[in-house]
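Q: As a plain string of letters, each chain reads:
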Amino acid sequence: MKLTKEEQEMLEGKHGNAVKSSMDILVSLGEIFDARRLIDVSSVQIAGVSYHNLGEAGLSYLGDLALDGKVRVLTTLNPAGMDMENWKALGIPEDFAEKQIKVIEAFKKMGVVTTCTCTPYFIGNTPHFGEHVAWSESSAVCYANSVLGLKTNREGGPSALASALTGKTPEFGTHLEENRQAKVIVNVNAKMDTITDFGALGYVIGKNIGKKVALIRGVKKASIEQLKSFCASIATYGGTALFHMEGITPNKTRVPKESVAVSQKEIDAAKRELNDGGVDPDIYAIGCPHLSLKEVEEIAKMLEGKKVKKEMWVCVARPIKKIADQMGYTKIIEKSGAKMACDTCMVVAPIKGRFKCLATDSAKGCFYARGKNKFNIVFKEIPELVKEATR
Amino acid sequence: MILKGRKVMKGRAEGEALVSSDGISFYGGVEPETGKVVEKGHPLEGQCVTGKILVFPTGKGSTVGSYTIYDMKKRGTAPLAIVNHEIETIIAVGAIISEIPCVDQIDINKIKTGDKVKVDGDSGKVEIA
Numbered sequence: 001m002k003l004t005k006e007e008q009e010m011l012e013g014k015h016g017n018a019v020k021s022s023m024d025i026l027v028s029l030g031e032i033f034d035a036r037r038l039i040d041v042s043s044v045q046i047a048g049v050s051y052h053n054l055g056e057a058g059l060s061y062l063g064d065l066a067l068d069g070k071v072r073v074l075t076t077l078n079p080a081g082m083d084m085e086n087w088k089a090l091g092i093p094e095d096f097a098e099k100q101i102k103v104i105e106a107f108k109k110m111g112v113v114t115t116c117t118c119t120p121y122f123i124g125n126t127p128h129f130g131e132h133v134a135w136s137e138s139s140a141v142c143y144a145n146s147v148l149g150l151k152t153n154r155e156g157g158p159s160a161l162a163s164a165l166t167g168k169t170p171e172f173g174t175h176l177e178e179n180r181q182a183k184v185i186v187n188v189n190a191k192m193d194t195i196t197d198f199g200a201l202g203y204v205i206g207k208n209i210g211k212k213v214a215l216i217r218g219v220k221k222a223s224i225e226q227l228k229s230f231c232a233s234i235a236t237y238g239g240t241a242l243f244h245m246e247g248i249t250p251n252k253t254r255v256p257k258e259s260v261a262v263s264q265k266e267i268d269a270a271k272r273e274l275n276d277g278g279v280d281p282d283i284y285a286i287g288c289p290h291l292s293l294k295e296v297e298e299i300a301k302m303l304e305g306k307k308v309k310k311e312m313w314v315c316v317a318r319p320i321k322k323i324a325d326q327m328g329y330t331k332i333i334e335k336s337g338a339k340m341a342c343d344t345c346m347v348v349a350p351i352k353g354r355f356k357c358l359a360t361d362s363a364k365g366c367f368y369a370r371g372k373n374k375f376n377i378v379f380k381e382i383p384e385l386v387k388e389a390t391r
Numbered sequence: 001m002i003l004k005g006r007k008v009m010k011g012r013a014e015g016e017a018l019v020s021s022d023g024i025s026f027y028g029g030v031e032p033e034t035g036k037v038v039e040k041g042h043p044l045e046g047q048c049v050t051g052k053i054l055v056f057p058t059g060k061g062s063t064v065g066s067y068t069i070y071d072m073k074k075r076g077t078a079p080l081a082i083v084n085h086e087i088e089t090i091i092a093v094g095a096i097i098s099e100i101p102c103v104d105q106i107d108i109n110k111i112k113t114g115d116k117v118k119v120d121g122d123s124g125k126v127e128i129a
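Chains D and H, in that order, give the protein sequences. Note that the working numbering has the first sequence beginning at 1, numbered continuously upward. Note that the working numbering has the second sequence beginning at 1, numbered continuously upward.
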């Protein structure tokens, strides 16, 4: 790989230890994946924020980089293992909270914006079409590449942080135009109206074609909330970094020869597979990925004047909650007994063992509730969930 | 027998091979406290990777796995070296930040569990005694 004079100096340690060890990672990755050079990135999203995932070693890794590391581009954070202000109400143990606060402090010291959300695109980390970025968080990566038209690989926590501390990433994979072309057409012959329709579609396509770039046809319209749900689902079940949706997403692509179809039957079957039944839900969790402002408003309207009888989490980015506070939505939601959970969600919070069955509108949330937390799951639309929880 | 592959992380190690026919997810699939594979139904389920030359086709699962490898290195439960058929970013970054010698593009069918193996991360070679 060819490095500029400045990059060579960064690698040799002339810009400090954090830059040097970051360059070690980026240059090694570049060589492994045959990148010709490093390119500049304008924005970073870092995963690996929950102390539950990082552990003591991860925390000490961050602490070492924070000794002299400073981010060079706008950098935001994935959800943490708890609400950074309201963790006690969500039942988070004190020793966990102490460690989680240390993790966030290390990021803050490096100049990272510590907003802790999987939807950086809702809170101001929104570069323009065509910009190269280094994002982790699989749902956000898929949204960035496909819906916003940014260019990023599926970064892991350490490589995204390395890009933040250097402003660079190796040029391979999804950064290159030839790898962004559709390889298979997916004809959707099913009704696509709701969040769970789109979640189920991501589940079916992800399982069928895996990481292949799809040109999806037959979806007439999609809201940003539906696209958010679809991105999270297709990335979870297929490892997808990028898709094209005809008439909806902005990237250009060649039209491939190979094609597959998705039927209404498959969508219905996917919804059944995402419902375990057996036990009644003892936690209702919405906001995976974190809710948009519009979704918060809708939920507030549904909850107005009602009382929830079960544990209910409404997961949002803190800046969105601030607007919800201002608009009076938070007050309505909290008055119902539901809890606003900022900075975190049901996927990354340490809730294993506390519940038996989780009800959600998120196909991604289902995967982690089942796999990581061993919960039974119920997959339904938000209005139905609210109805059940307040009955 | 010498197998020629590609350098992922420099360094040398010598030890006993532990070979998996399936990919490994370090996050959730391996317990950092003990080095044991805990993924249900995995061919290595219940076996310990600590101090072994760990041989498997490729990494899988959550990108947080890189930090799990680093955690294991700090606890002393990490493998001595990693040999892959095809590297991906989770294992590559894990090996780099943990300074574990790592080589890929190796025909791993040639290596059997229990073989005495030398890994040379500098030149990308794996030698079976």
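Quick caveat, the hints were computed from the structure, so don't treat them as lab data. Hints are supplied without guarantee of correctness; some may be wrong.
Here are the simulated PhoX-like pairs of lysine-lysine, each with C-alpha atoms no more than 25 Å apart in a straight line [as the list claims (entries may be wrong)]: (1) H:K112 <-> D:K20; (2) D:K372 <-> H:K40; (3) H:K10 <-> D:K352; (4) D:K102 <-> H:K73; (5) H:K60 <-> D:K183; (6) D:K309 <-> D:K331; (7) D:K212 <-> D:K294; (8) D:K109 <-> H:K74; (9) D:K70 <-> D:K88; (10) D:K5 <-> D:K99; (11) H:K110 <-> D:K14; (12) H:K40 <-> H:K118; (13) H:K73 <-> D:K99.
Q: Next, verify each hint and record whether it holds.
A: Do the hints match the structure? See the list:
Proximity of K112 of chain H to K20 of chain D is assessed by CA-CA distance (about 38 Å); at most 25 Å being required, the pair is judged violated. Distance restraint check for K372 of chain D and K40 of chain H: the Cα-Cα separation of roughly 12 Å lies within the 25 Å cut-off, and the hinted pair is therefore satisfied. Distance check on the hinted pair: K10 of chain H and K352 of chain D sit about 39 Å apart at the alpha-carbon level, beyond 25 Å; violated. For the hint pairing K102 of chain D with K73 of chain H, the CA-to-CA distance comes to about 21 Å; that is within 25 Å, so the pair holds.
Simply put, K60 of chain H and K183 of chain D have alpha-carbon atoms about 22 Å apart, close enough for the 25 Å limit, and the pair holds. The suggested pairing of K309 of chain D with K331 of chain D holds, with an alpha-carbon distance near 18 Å, which does not exceed 25 Å. Between K212 of chain D and K294 of chain D, the direct Cα distance comes to roughly 32 Å. Violation of the 25 Å bound is thereby established for this hinted pair. Among the hinted pairs, K109 of chain D with K74 of chain H is consistent with the structure: their alpha-carbon atoms are about 23 Å apart, no more than 25 Å.
The suggested pairing of K70 of chain D with K88 of chain D is violated, with an alpha-carbon distance near 31 Å, which exceeds 25 Å. Distance hint between K5 of chain D and K99 of chain D is unfulfilled; the C-alpha atoms sit about 40 Å from each other, more than 25 Å. Taking the CA atoms of K110 of chain H and K14 of chain D, the gap is near 44 Å; set against the 25 Å cutoff, the hint is violated. With a C-alpha separation of about 30 Å, the suggested pairing of K40 of chain H with K118 of chain H is violated against the 25 Å cut-off.
Distance restraint check for K73 of chain H and K99 of chain D: the Cα-Cα separation of roughly 20 Å lies within the 25 Å cut-off, and the hinted pair is therefore satisfied.
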